Every structure is written in C-alpha cells, then in structure tokens.
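Student: Okay, here's what each chain looks like letter by letter:
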Amino acid sequence: MKDKKDTRVVVGMSGGVDSSVTALLLKEQGYDVVGIFMKNWDDTDENGVCTATEDFDDVVRVCNQLDIPYYAVNFEKQYWDKVFTYFLDEYKAGRTPNPDVMCNKEIKFKAFLDHALSLGADYLATGHYAQVRKVGDRYKMLRGVDDNKDQTYFLNQLSQSVLSRVMFPLGELPKKEVRRIAAENNLATAHKKDSTGICFIGERNFKEFLSEYLPAQPGKMATLDGVEKGKHEGLMYYTIGQRQGLGIGGPGDPWFVVGKNLKDNILYVEQGFEHDALYSDGLIATDLNWIDGQPLTEPLECTAKFRYRQNDSKVTVYPIENNKVHVVFDENERAITPGQAVVFYHNEVCLGGGTIDEIIKDEKPLDYVG
Amino acid sequence: MDSIYLDHAATAPVNPEVIHAMVPVLENTFGNPSSVHHFGRQARRLLDRARETMAASIHANEKEIVFTSGGTEADNLALIGTALANQHKGKHIITTEIEHHAILHAANYLEKRGFNVTYLPVSETGAISVESLEQALTEETILVSVMMVNNETGVIQPVKQIAELLKEHQSYFHTDAVQAYGTLPIDVKDLGVDLLTVSSHKINGPKGVGFLYSKESVMMEARQHGGEQERKRRPGTENVASIVGFQRAVELMMENRETMVQTYETYKQTFLQILTDEQVKFSVNGERDNAVSTIINLSFPGANVESLLTNFDLSGVAASSGSACTAGSVEPSHVLAAMYGSEDARCVNSIRFSFGMANTNENVIEAARRVAIIVKRLTTL
Numbered sequence: 013m014k015d016k017k018d019t020r021v022v023v024g025m026s027g028g029v030d031s032s033v034t035a036l037l038l039k040e041q042g043y044d045v046v047g048i049f050m051k052n053w054d055d056t057d058e059n060g061v062c063t064a065t066e067d068f069d070d071v072v073r074v075c076n077q078l079d080i081p082y083y084a085v086n087f088e089k090q091y092w093d094k095v096f097t098y099f100l101d102e103y104k105a106g107r108t109p110n111p112d113v114m115c116n117k118e119i120k121f122k123a124f125l126d127h128a129l130s131l132g133a134d135y136l137a138t139g140h141y142a143q144v145r146k147v148g149d150r151y152k153m154l155r156g157v158d159d160n161k162d163q164t165y166f167l168n169q170l171s172q173s174v175l176s177r178v179m180f181p182l183g184e185l186p187k188k189e190v191r192r193i194a195a196e197n198n199l200a201t202a203h204k205k206d207s208t209g210i211c212f213i214g215e216r217n218f219k220e221f222l223s224e225y226l227p228a229q230p231g232k233m234a235t236l237d238g239v240e241k242g243k244h245e246g247l248m249y250y251t252i253g254q255r256q257g258l259g260i261g262g263p264g265d266p267w268f269v270v271g272k273n274l275k276d277n278i279l280y281v282e283q284g285f286e287h288d289a290l291y292s293d294g295l296i297a298t299d300l301n302w303i304d305g306q307p308l309t310e311p312l313e314c315t316a317k318f319r320y321r322q323n324d325s326k327v328t329v330y331p332i333e334n335n336k337v338h339v340v341f342d343e344n345e346r347a348i349t350p351g352q353a354v355v356f357y358h359n360e361v362c363l364g365g366g367t368i369d370e371i372i373k374d375e376k377p378l379d380y381v382g
Numbered sequence: 005m006d007s008i009y010l011d012h013a014a015t016a017p018v019n020p021e022v023i024h025a026m027v028p029v030l031e032n033t034f035g036n037p038s039s040v041h042h043f044g045r046q047a048r049r050l051l052d053r054a055r056e057t058m059a060a061s062i063h064a065n066e067k068e069i070v071f072t073s074g075g076t077e078a079d080n081l082a083l084i085g086t087a088l089a090n091q092h093k094g095k096h097i098i099t100t101e102i103e104h105h106a107i108l109h110a111a112n113y114l115e116k117r118g119f120n121v122t123y124l125p126v127s128e129t130g131a132i133s134v135e136s137l138e139q140a141l142t143e144e145t146i147l148v149s150v151m152m153v154n155n156e157t158g159v160i161q162p163v164k165q166i167a168e169l170l171k172e173h174q175s176y177f178h179t180d181a182v183q184a185y186g187t188l189p190i191d192v193k194d195l196g197v198d199l200l201t202v203s204s205h206k207i208n209g210p211k212g213v214g215f216l217y218s219k220e221s222v223m224m225e226a227r228q229h230g231g232e233q234e235r236k237r238r239p240g241t242e243n244v245a246s247i248v249g250f251q252r253a254v255e256l257m258m259e260n261r262e263t264m265v266q267t268y269e270t271y272k273q274t275f276l277q278i279l280t281d282e283q284v285k286f287s288v289n290g291e292r293d294n295a296v297s298t299i300i301n302l303s304f305p306g307a308n309v310e311s312l313l314t315n316f317d318l319s320g321v322a323a324s325s326g327s328a329c330t331a332g333s334v335e336p337s338h339v340l341a342a343m344y345g346s347e348d349a350r351c352v353n354s355i356r357f358s359f360g361m362a363n364t365n366e367n368v369i370e371a372a373r374r375v376a377i378i379v380k381r382l383t384t385l
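Respectively, the protein sequence lines represent chains A and B. Numbering-wise (the working numbering), the first sequence opens with residue 13 and increments by one. Numbering-wise (the working numbering), the second sequence opens with residue 5 and increments by one.
If we strip away everything but chain A, and leave its shape as in the complex, we get (with noise of 0.2 Å):
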C-alpha cells in the first residue's frame, strides 16, 4: 500500500458542496488531491453566459482554499454521443430516460475515470452518496449512511474494476454533516444551493428544452376504453403515473397518465390515484449489471427500487436468457415506468440493476403502458 502523500487521488469537482467537501476531506487526509472539472454540456447563451463557467470558478476558488491544483476536461462529444443521444433516443421511443444512470456508467465512471488514470491517478473520488467496501479480493457498493441522499439508485451500473479505482468520502456522512464541514471550512460552495433535476436542462423549462431537440407531435388523450378526453401536446412530455398538466377538469378524482400508444399517437388516461391500470406485478429489465460481476443463475429474493428516492420493496428476480430478468413483485407497484432503472438490494448492499423495458401483469406484457 502506498503512503497517503503518494497516493493521487483526482476529485471530479462540479462547484457544489459535496465535491469541494469531497476534496477537502481527501486533502486532510493526506492524500496528493487534483481537482478536476468536467464539463459535458455547453449551455452558453446568447449573453456568452454560461453556468459551467460560474460552476468553474467555484471549483477555482475552492481548490484556492485547499492548496490543490485544478484542471477542466472537456467531455461534451462523448457526452453527446453516449448520454444526450440516448436520453433523445428514449423519449422519441416513449419512454422516459435516466440520462444520470448513463453519465455514470459511460462519462464520469468511464470516459473520465480514463482521463484520471491517464494523469497517473490512483483513485477517482466523487461526491456521491455511496460506500465501497473491500471484502476479500471483491468490492461491494453500499448505500450511502444518509437514507435521503443515498445515490446508489444511479451508480447500478458500476463493475468491480471501476470500484476498485473509486472513492466515495460521503458516503459515510449525512448531508448536514456535509454543509457542516463546508460551513466550518468556509468552502467558498459552503451555501451554494444543491443543483436540482437533470445537469443539461438545468433550471429551465423541460418542454421547452426537449421541444428544441425532437419536434411535438400533439395528438388525442383517450381512456383506455377509447373515450376520447383531450389532446396531449406530445407523447414525450408525459410520463406515466404524471397527473400535473393534463388539461382535464370536471367532477370526481383527479386525472393520471397510465399509458401511451406510440402508434396512433395517443396519450392514455384514467381517473383516481389507485386506478387500477396504473397497478403492474412484475416487470422485465434489460442491460443487467450485477456489482459483484456474477452473471444470475437462480432466482433471487432481495429488495428493489423502481425510482430515485423510493422506499425498497420485495421482490424475486428471474434470469431470463439474454441479460434479461423478470422481476416479480410481492405486492402490485404503481405507476412503474419504462426507460427507469430497477435498481436490487441485498440490505445495505447495492447488488446491481439495469433498465426498465416491459411492464408485467398476470403473466402478461402490459401493452398500453408504451
């Protein structure tokens, strides 16, 4: 083992609290620490302004404070071409996207691993919120100790190899432990507010930003019985089990989206939160990674989530041939949405996950759902 101040360990710095407090608890430790900011997405406007630039000179500031020298790369046609074109490619599909599961697994834990690697880097360290654990010769990736900003939901997709060159220094604190140490360090991101929803869309309006990339096909919002009850502005603006923004008023419970008919264009809805077409038993998940790198063999019994930031529910796990499995649910789930990720847990252990492809009830494919 090699001694801390030998030890290069790059930080992928974003100018958010939780990578500059991952730098400095690195840095206080003892380890050689870059900094380096990556930058995947030009956002510039028609100003010249963009919030990479006022995101780097947070990373320049913070570095500053901590004494360790800072870089930028520049991901943004990889990012492209891996992360973007898929997320345009999931939407115009009819499903919805999980574009950070796929930043995970093909920029930040690849394409910039690489570049760590490449600057003599022992170690990669991100401000997720995750734990790795070495047992014996093998890794284990554990959710992070604070329940509510645990992130292992988007990293299902790490292998043993990335694990073995990774650090997560949050994993083991809560988030106000985190503010704390920024607070006290006076990290110049000590206050910044946490960056919310998907890092190229940022703040602004989901609509408008993926009407610019795929054009809106407006069309007919029907039940599932074909009582036609509006129009839809555009089958990639819904998700299903979305209530927000259906334009439908009238009497009685409030309207949901339970399904989209690609073909003929139609959104589905009914009516009542419990409805029961928004209810499915199982579902069929694809491009499967187990952590431990194991292929599954056997049915497996363990825990389950279907969205970021859900509690875990029991389920059974069915290898299917292909890196497919069918996931069988002790209880009917709500509203479990094609393009999402089902990520399995074993306890505190992430065991793997993949992506949403089939929604299951009594034995059969869900067609509506899209």
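For the record, the hints were derived by calculation from the structure and aren't laboratory data. Quick caveat: nothing in here was measured; it's all calculated off a predicted structure. Careful, some of the hints might be misleading.
[What the hints assert, rightly or not] Not the full set, but computed from the structure, chain A residues with beta-carbon under 7 Å of chain B:
1) Lys51
2) Tyr83
3) Ser130
[Said to hold, decoys possible] Pairwise CB distance ranges (calculated):
4) B:Pro125 <-> A:Glu88: 25 to 33 Å
5) B:Glu101 <-> A:Asp101: 35 to 43 Å
6) B:Gly320 <-> A:Gly42: 18 to 26 Å
7) B:Ser39 <-> A:Gly42: 53 to 61 Å
8) B:Glu56 <-> A:Gly42: 56 to 64 Å
9) B:Ser127 <-> A:Glu88: 46 to 54 Å
10) B:Pro125 <-> A:Glu220: 33 to 41 Å
[Claimed, not checked] Keeping only pairs whose Cα atoms sit at most 30 Å apart, straight-line, the calculated BS3-like set for lysine-lysine is:
11) B:Lys171 <-> A:Lys89
12) B:Lys380 <-> A:Lys94
13) B:Lys380 <-> A:Lys17
14) B:Lys95 <-> B:Lys171
15) A:Lys373 <-> A:Lys326
C-beta: ideal position from N, C-alpha, C; glycine also.
Could you slot chain B onto chain A? The hints should help.
Tutor: Quick look at chain B alone, frame taken from chain A:
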C-alpha cells in the same frame, strides 16, 4: 519538483531591473501628469521620457505613441477606432483567420454594426498569402489588420509585402506586433504600417500597459471618453509607474534583443533535439524556418491537449495550447483549425512551448525530458 516555465508567449516574468525602475515612481512620483503644479510636472516628465523611448524603439515620433492598458485595448482602438472614424470612405475591413481574439472579436463587433469583414485564410505553412489579400481588396476597404507574428505558431507574416501592396490604396494598415516586438527589429517607416500594437508584459515589463503606434495622419475615434490624455485618443490618468517599468523593459530589450534571440534559438533546438533523441513522435506546426525563436508549436499524434497539459503541469512543465479557454477547458485552436481544417487531429493534440527569461539551458533540457516521458506514456497506453 521545480516547475519550469515554457509559456512566455502567454506572459513573461518581470525583469528585476523593471521592478527597480518602478518602485521609486510608486514611492515618490504620485502626481497626475495633467496637473499644473510641481507634482504633476514630475510625473509628466517621466511619461514624456518613456514615450520617447517607445517611439525610438520603432522609429516613430513620440506624438504617434498612444499608451493603453495593453495589447487588447490597443488592438480594439486600432480596429474599432479607425473603422468608426473612416466609415464614410467604405465599410470593408480585411483581417486574417489567425489573429488574436482581441482582433477577431473586435472585428465581429464591427460586423454586427454593419461593417463587412474578410478573414483571410492561411495555408499549412501558417502564413497568409499576399495574393489572397490582393484579391480581397476593394475600393471600400478602409482597414487591413494582419499580425506580424502569430502567437500560437510563431510564424512570421508577410507584413512588409502587404504594406507595399497597400501603398497606393486608401486603406490603413494595422499590425498586431505583440509577439514580434522583442524578437524582430521593427522600423514602422521601413515596414510601412500605419498602426502597430505593442504589449509590455510579453517583454518582461509589467502587465496592464501597452501602446498603439498610430501614424500622425491616421483618423481615429477614441473608445473611451473623458479627459484630454494621449491627445484625446485614450483618456484616463496615465499609469505612470507601469509606463516607466515598460520603458525600462523596452530599453533592456533593445540592448539585448539580438543575443537573447540567439539564446532562445539554441533552447528551441536543444528542446527539439532531446525529443528526437528520446524518439518522441511529433511534428512542428507551421513552417519552422519562418518562425520566431521564442515559440514552437508541436503536434503529438495520439495524445490530446487536455491530458498533455494537465500531465505536464503535474510534472512541473508549464506550457499551453495557445488557445482560448472556456470554463477552464481547452477549445480547439482556431489558428491550427485555420491551417489544417477544424477536423484535423493536430487541432486537439498540439502544444505551444515558448521560451524566454525564465529559462536556462539546464531547465530546458529537464523540461524536454519530462515532456518526452509523458508523451511516450500517453501515446503508448
């Protein structure tokens, strides 16, 4: 590990003699050169002497020297100031694709305000051709701006030939001599230019000061509005201490230029020889025999700029890609894109090394060895 500075084209260390010249001014001569009292006159005397030195260094007269805050301001004043004052004669301007952004962005600004700008291309040699300029000239052309030495490649542009061509034309001729001043002898009369930009900090003077040579006959509008300083062409209380420091830097440069140029040429050769001996794969961007001794721009096939620069810095070699940065990340060089086309790999695998006062034969050798190790590691991964 010692950091070795190979980025003199970005900025250069301040010569200790320059500092010695500045300190007494800051301590004793605080007067405003425009004031009509003893204190003002003391400052004014320093300012006038400095102006004489600047003028003599390019064979101009002192009325033709306009002190500015540096190269960028001088370039902006030259372009926008003359364009606005001469638009009744035409609205066409010619410059090149390889100018510094101080020129390119000033030209963009004029385009948005109704001027037509022609950007001359360059060949792979890194130089523009006089023929292309001849073809671009019209009766509407009021200004031609071509840099004397490119800041990224060091390639010398055919400024004298252009001036020859423009002799009988109404157009003014401006040259950005920021990289040339200090490496090439400059005589504005012999060269035949009407406007010429110089910056202090590239020749070991302080930052924040420079001058524009503007021939007496040139019609030019001020960009700032205020007092009567610099014959109304650049109002604002003069930065006397920096101007005196700049003066000292000019004097030292004039005394030592030829020997320094020789020294830097040997550094450049040593540097390239070591890379060759270490069997590093590289090529020189731009025609090497037509470049100043201080700058060399090298392409390392199979590597990329960000990885190279970060690795160099982490191992104590300070160089640059010679290009603009946004949010700290390196944009592909517009100069190399003009030479090779924007898709060429050389636009994203090239590094500028520039030699100067911070170098010794020993640290150049050491830097070349470090560079060789890194390039070989990155290109054989």
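Student: All hints are to be evaluated individually against the structure, with a verdict given for each.
Tutor: Now the hints, each set against the structure:
Because the smallest distance between the Cβ of Lys51 of chain A and any Cβ of chain B comes to about 5 Å, under 7 Å, the interface hint for this residue holds. Residue-level restraint check for Tyr83 of chain A holds (minimum Cβ-Cβ distance to chain B is 5 Å; threshold 7 Å). At its closest, the beta carbon of Ser130 of chain A sits 5 Å from a beta carbon of chain B; the interface hint therefore holds under the 7 Å criterion. A C-beta distance of roughly 26 Å is found between Pro125 of chain B and Glu88 of chain A, which places it inside the suggested range of 25 to 33 Å.
At about 37 Å, the CB distance of Glu101 of chain B to Asp101 of chain A agrees with the hint of 35 to 43 Å. Separated by about 21 Å at the C-beta atoms, Gly320 of chain B and Gly42 of chain A satisfy the suggested range of 18 to 26 Å. For the hinted restraint 53 to 61 Å between Ser39 of chain B and Gly42 of chain A, the CB-CB distance of approximately 58 Å keeps it satisfied. Between Glu56 of chain B and Gly42 of chain A the C-beta distance comes to about 58 Å, which sits within the given range of 56 to 64 Å.
Checked against the hint of 46 to 54 Å, the pair Ser127 of chain B and Glu88 of chain A fails, with Cβ atoms roughly 30 Å apart. With their beta carbons about 39 Å apart, Pro125 of chain B and Glu220 of chain A fall inside the hinted range of 33 to 41 Å. For the suggested pair Lys171 of chain B and Lys89 of chain A, the alpha carbons sit about 48 Å apart, so the restraint of at most 30 Å is broken. For the hint linking Lys380 of chain B to Lys94 of chain A, the alpha-carbon distance of about 29 Å falls within 30 Å, and the restraint holds.
Of the pairs offered as hints, the one joining Lys380 of chain B and Lys17 of chain A holds, with about 25 Å between alpha carbons and a cut-off of 30 Å not exceeded. Among the hinted pairs, Lys95 of chain B with Lys171 of chain B is consistent with the structure: their alpha-carbon atoms are about 19 Å apart, no more than 30 Å. The straight-line distance between the Cα atoms of Lys373 of chain A and Lys326 of chain A is roughly 16 Å, inside the 30 Å bound, and the hint therefore holds.
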